[in-house]
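Q: Grab the two chains, each in its own frame, and use the hints to assemble them into the complex.
These protein sequence lines are chains Y and L, in that order.
For the first sequence, this note's numbering gives the first residue as 32, with consecutive numbering after it.
For the second sequence, this note's numbering gives the first residue as 315, with consecutive numbering after it.
Keep in mind the hints are simulated off the structure, nothing from the lab.
Using N, Cα and C, we set each Cβ at its ideal position, and we do this for glycine too.
Do not take every clue at face value.
Straight-line Cα separation of at most 27 Å, DSSO-like style, residue types lysine-lysine; simulated pairs [said to hold, decoys possible]:
hint	chain 1	residue 1	chain 2	residue 2
1	L	LYS573	Y	LYS270
2	L	LYS464	L	LYS376
3	L	LYS495	Y	LYS270
4	Y	LYS270	L	LYS446
5	L	LYS464	Y	LYS270
Here chain Y is said to cover these stretches of chain L; the calculated rule only asks that three of the stretch's residues, wherever they fall, bring their Cβ under 8 Å from a Cβ of chain Y [what the hints assert, rightly or not]:
hint	stretch
6	440-450
7	457-471
These are the residues of each chain, in order.
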Amino acid sequence: MSAVLPMAAVAPPTRALSMKSWFGVFAALIVVVVLAPVLNLLVPDGNVFHMSDYAVALVGKIMCYAICALAMDLIWGYTGILSLGHGVFFALGGYAMGMYLMRQIGRDGQYKSDMPDFMVFLNWKEYPWHWLVSDSFIAQMLLVVLVPGLLAFVFGFFAFRSRIKGVYFSIITQAMTFAAMLLFFRNETGFGGNNGFTDFKRILGIPVATPSMRMFLFVLTGLTLIGFYLFARWLIASKFGRVLQAIRDAEGRVMFTGYDPIRYKLTIWVISAVMCGIAGALYVPQVGIINPSEMSPAASIEMAIWAAVGGRATLIGPIVGAFFVNGAKSWFTQAFPEFWLYFLGALFIAVTLFLPQGIIGLVRRAKKETKV
Amino acid sequence: MTPDLMKAGTRALEEHERRVAPKESSGGRDASYGRVVTGELDVAHGAILYLDDITVSFDGFKALNALSLSISAGELRCIIGPNGAGKTTMMDVITGKTRPDVGKAFFGSTIDLLRLRENDIASIGIGRKFQKPTVFEHLTVFENLELALKADRGVPASMFFRLSGAQLDRIGEMLALIHLKDSAQRIAGLLSHGQKQWLEIGMLLMQDPKLLLLDEPVAGMTDEETERTAELFLSLEGNHSLVVVEHDMKFIGELTQGKPSKKVTVLHEGSVLAEGSLADVQANDKVVEVYLGR
Numbered sequence: 032m033s034a035v036l037p038m039a040a041v042a043p044p045t046r047a048l049s050m051k052s053w054f055g056v057f058a059a060l061i062v063v064v065v066l067a068p069v070l071n072l073l074v075p076d077g078n079v080f081h082m083s084d085y086a087v088a089l090v091g092k093i094m095c096y097a098i099c100a101l102a103m104d105l106i107w108g109y110t111g112i113l114s115l116g117h118g119v120f121f122a123l124g125g126y127a128m129g130m131y132l133m134r135q136i137g138r139d140g141q142y143k144s145d146m147p148d149f150m151v152f153l154n155w156k157e158y159p160w161h162w163l164v165s166d167s168f169i170a171q172m173l174l175v176v177l178v179p180g181l182l183a184f185v186f187g188f189f190a191f192r193s194r195i196k197g198v199y200f201s202i203i204t205q206a207m208t209f210a211a212m213l214l215f216f217r218n219e220t221g222f223g224g225n226n227g228f229t230d231f232k233r234i235l236g237i238p239v240a241t242p243s244m245r246m247f248l249f250v251l252t253g254l255t256l257i258g259f260y261l262f263a264r265w266l267i268a269s270k271f272g273r274v275l276q277a278i279r280d281a282e283g284r285v286m287f288t289g290y291d292p293i294r295y296k297l298t299i300w301v302i303s304a305v306m307c308g309i310a311g312a313l314y315v316p317q318v319g320i321i322n323p324s325e326m327s328p329a330a331s332i333e334m335a336i337w338a339a340v341g342g343r344a345t346l347i348g349p350i351v352g353a354f355f356v357n358g359a360k361s362w363f364t365q366a367f368p369e370f371w372l373y374f375l376g377a378l379f380i381a382v383t384l385f386l387p388q389g390i391i392g393l394v395r396r397a398k399k400e401t402k403v
Numbered sequence: 315m316t317p318d319l320m321k322a323g324t325r326a327l328e329e330h331e332r333r334v335a336p337k338e339s340s341g342g343r344d345a346s347y348g349r350v351v352t353g354e355l356d357v358a359h360g361a362i363l364y365l366d367d368i369t370v371s372f373d374g375f376k377a378l379n380a381l382s383l384s385i386s387a388g389e390l391r392c393i394i395g396p397n398g399a400g401k402t403t404m405m406d407v408i409t410g411k412t413r414p415d416v417g418k419a420f421f422g423s424t425i426d427l428l429r430l431r432e433n434d435i436a437s438i439g440i441g442r443k444f445q446k447p448t449v450f451e452h453l454t455v456f457e458n459l460e461l462a463l464k465a466d467r468g469v470p471a472s473m474f475f476r477l478s479g480a481q482l483d484r485i486g487e488m489l490a491l492i493h494l495k496d497s498a499q500r501i502a503g504l505l506s507h508g509q510k511q512w513l514e515i516g517m518l519l520m521q522d523p524k525l526l527l528l529d530e531p532v533a534g535m536t537d538e539e540t541e542r543t544a545e546l547f548l549s550l551e552g553n554h555s556l557v558v559v560e561h562d563m564k565f566i567g568e569l570t571q572g573k574p575s576k577k578v579t580v581l582h583e584g585s586v587l588a589e590g591s592l593a594d595v596q597a598n599d600k601v602v603e604v605y606l607g608r
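Next comes chain L alone, as it looks inside the complex (with noise of 0.2 Å):
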């Protein structure tokens, strides 16, 4: 390289810099051989959730017990097992409820969920659904949404909040695929257990996250509902990551379709026990062996 041709790369350079300011985190010039760590969701590697030799112990009793788990980008993942499997708590980890005594937890390659807090994690794209349906029970359906709403989280912003013709439109779309429309200025606190669940998977939507959390989303509702669950969240994978915990198998079954190709994990004592297709798993002697008991 030229001399001439270096004293215009700087210029450039800094011409560059002074335009668009430096992100803090990724050191500037230093950075340029590895990749760039801005704080985005960064799927490249396929992975969007990367748990890894993590280890949860409640007095002695490791609900986690050096779990490694990945779930690329798109997939819709099943996870069975047993009462104590350690399922929920897993969900607590990644959503930065419970911390882990040991173990790495990544969003994407670059995002570590064990340096973040719960409303930081539901920020960058990581939406939970929680066993038990939990909706505001005081707010009307239609104010359950609006809050789900992807906007400014702050308090001055909340404040003078005016919802958009567009958003308007969004929480209408919303209340159509939840199939909630009539019931929008019902009070939530009123609606059927199924229809809270829908709702609560409806509140997810609206903040649009990259990656789902269902922790048994079908509890409490009736196979027609299901059924319409399964189909919903089937429209759902590939746009999204998801990871729903379920014990009914034949929920499982209806997302699954029988594919080969797509991964039921299952959880015995804090960690992995077997992985596969849904017939490989339900093949396996091990897994037959923890849910039947011989």
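So that you can see chain Y by itself, here it is in the shape it has in the complex (with noise of 0.2 Å):
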């Protein structure tokens, strides 16, 4: 047959990440552990390179959106399948967090009992079943992950073997979460009912409020998501990666061609609503509060407007879309509160008919252009 010679140049490129990308990885590495400790705690407050505890807290929480931008970008940017319920996983990872934190405030609450003021409020003698473990913080460490995996998983199986996609898909994953908040909006349910959980003391002992341990979750949410970040290109990166842009692709394809197609976006899937219970579980004790909201249907859909607002299949579009769409938020319902849900849909509309690659896209046809 042919000669091989020439194959150097048919050879894809198998690294992960460029030197540059690396780069950009360590910057932000450099800004998220030494940059803004430094700015928040020891520059002194009035100076105009102080970080005020405010902005850590805004910062903090997006970042823990922008690790569900990224698991949304994994399921839908790079497998095709849009979820329209990873509102739940969050929450779920929130509230297996949430747990732990109620326990912490001992005899600190109104009520001044051993119980979570909610349940005395109920009237509770001893714990429901779901709180036996809630004293300990491994074991709820392991139930933010076990919870919404297992959750995904059996959805998923189920879903998957049936062969349901596209749009039927999205809806149900919808109704998923909007069944999952009426449940936890039920008092009898032992989550707070609508109030959720909140006024939280301490977490392993440490008192919550404090700038040091402010601080702390903000490194540790920032690592968690450059961790993941690298972890998804890594998967992006592998034969797995190009297995789900086929899924994605050609279905019918990639099952004639021997792949089992439900393997593949079960894993997937889970892998994306584990990375979602993680990020909730940094958001509760950032944020100070966990309520059924967090599962409402539109909480959902503003995962996936980040994902498309940012650039699907980029990995780090969704990131960008994340601080993007939310830092807008968060100025927006400062200066016009009634207008934020009016912008957003602007957006989503402009983004998709004039940026279907969102700003990653215009960013990379600018440096095109510049080029030539």
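A: See below:
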């Protein structure tokens, strides 16, 4: 057969990240681990370089959202499965963390009881079964991963096996998160009803509301985001990632090539759900509240908007999108609170019409044009 | 047989069973009188594909009506027939996409196709080319072939997969064979229609299937491309079995090379209308009637 000499030109690059991207990741690490703590804790208040506590809380929160957007990109951007129910995984991770934080309140609640306030209010004398391990930090951290993972596995197994696809899958995920929200709204479910959990005092015995604790959670969230980004890059650069894209483009061909799409879809679906769960667990101690509104259909749809605005199937795009949309949201809701939803809708339409590749697509196009 | 010899035989068998884990489906010693079912393709009886009395109906319409067909190992079989004759439905049944209402479908003499799913059927060596060329549009030509390469299809194996030198060479050979060497790093969605057809054929061959099902493989190809495709298929004949569904009689003529030994099957209304050499079939009154509506 033919000469095999020019194969070097034919073989694709196997590296997950270019040198430039590694530099970017390194820069992000410096910002999160060194710059932000120094500017917040060491630079005195009033100095122009001081990073306010408000900014720390805001960026910390947005980084949690960015993890969700990254998870959305894996399942939607690369695999072509639009989930409109990822809020339920985020909230479940958050609730698992919240249960532990509620137990840490101890007797500092309003009723000065060992039990969380809402249970005293409901006149409950002992913990329901799902609260049995809630005083153990390690057990609850395992639940942060296991509960969203298990729900995603069971849901995904039946949905993918029944070959539910496209808009039908999106609608069912939407129904799932809505049903979960209704369930969590009920006081009898044992998750604090519509008030959810709040008024956290401590984590591992250390007060949560101190600047250093807030900064620690900020750094932890930043490292998690960077870690997940690298993990997602590695996944997508592997053959596994290419099978996912193949499923998105032509699932029938994938099947007739001998791959079982159900296993691939289920794997990435569970990975994506667990990422959201972890994001939720990081979110709750920083924001100080978790309630069923995180499971509202709108919350899940917003995640899809972050990914779309930033640029699907780029990994970095959805992170940028989460920062852009939520940054705009926090400014808008102060300046023109009643117009935020109109702006969000207009943004989504504009992106769909003019920027199918999102912000990242715009940046890439600009780069190309300046080069030529 | 003396008792000593029997004992020795039992010992030898135990020894053998200890070393070679007995295959579950073979039934151990009980199966010694019959054929051993190993899950491997068995073409000892000459047929690689055997369809018997297959009927598929959609809302009362019989897409396949008691279709029986047998393809020999190494054979290149052309199947023709007017629109709606059931050609594509037949491929759907063989590849597990559609389950027939009644009938049997065997791959070799031991593998029951009706009990397997699409991806399992692809793994045991049946490759299928769709009527509309189906490639992974957002991946490069190289990546398309890499995914089709024979390798462990499991999830963890894919995550940690690395191309070996031999596999790289194999992809290089295939790129040369399908005339896409210069387009290796192009996105498959940018290829011409004919090139996509070639890429899809290349992907099939990467899987090294024993039986290739080709649904209108030269649709949209130029005359030159069609000729090259015919050459390619003829070079595969013998090592692989091919079933080609085609409308293009010129292409069929190239594939059969006018040899009476090469069979052409005519499907009509879900069953076999005629079977024989191209000349015989073309002279068949019933076939002429079906095609020209006389």
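Q: Work down the list of hints and note, for each, if the structure agrees.
A: Right, here's what the structure says about each hint:
{"no.": "1", "hint": "L:LYS573 - Y:LYS270", "in the structure": "45 Å, violated"}
{"no.": "2", "hint": "L:LYS464 - L:LYS376", "in the structure": "37 Å, violated"}
{"no.": "3", "hint": "L:LYS495 - Y:LYS270", "in the structure": "21 Å, holds"}
{"no.": "4", "hint": "Y:LYS270 - L:LYS446", "in the structure": "25 Å, holds"}
{"no.": "5", "hint": "L:LYS464 - Y:LYS270", "in the structure": "13 Å, holds"}
{"no.": "6", "hint": "440-450", "in the structure": "holds (count 6)"}
{"no.": "7", "hint": "457-471", "in the structure": "holds (count 7)"}
Violated hints, in rising order: 1 and 2; the structure is consistent with all others.
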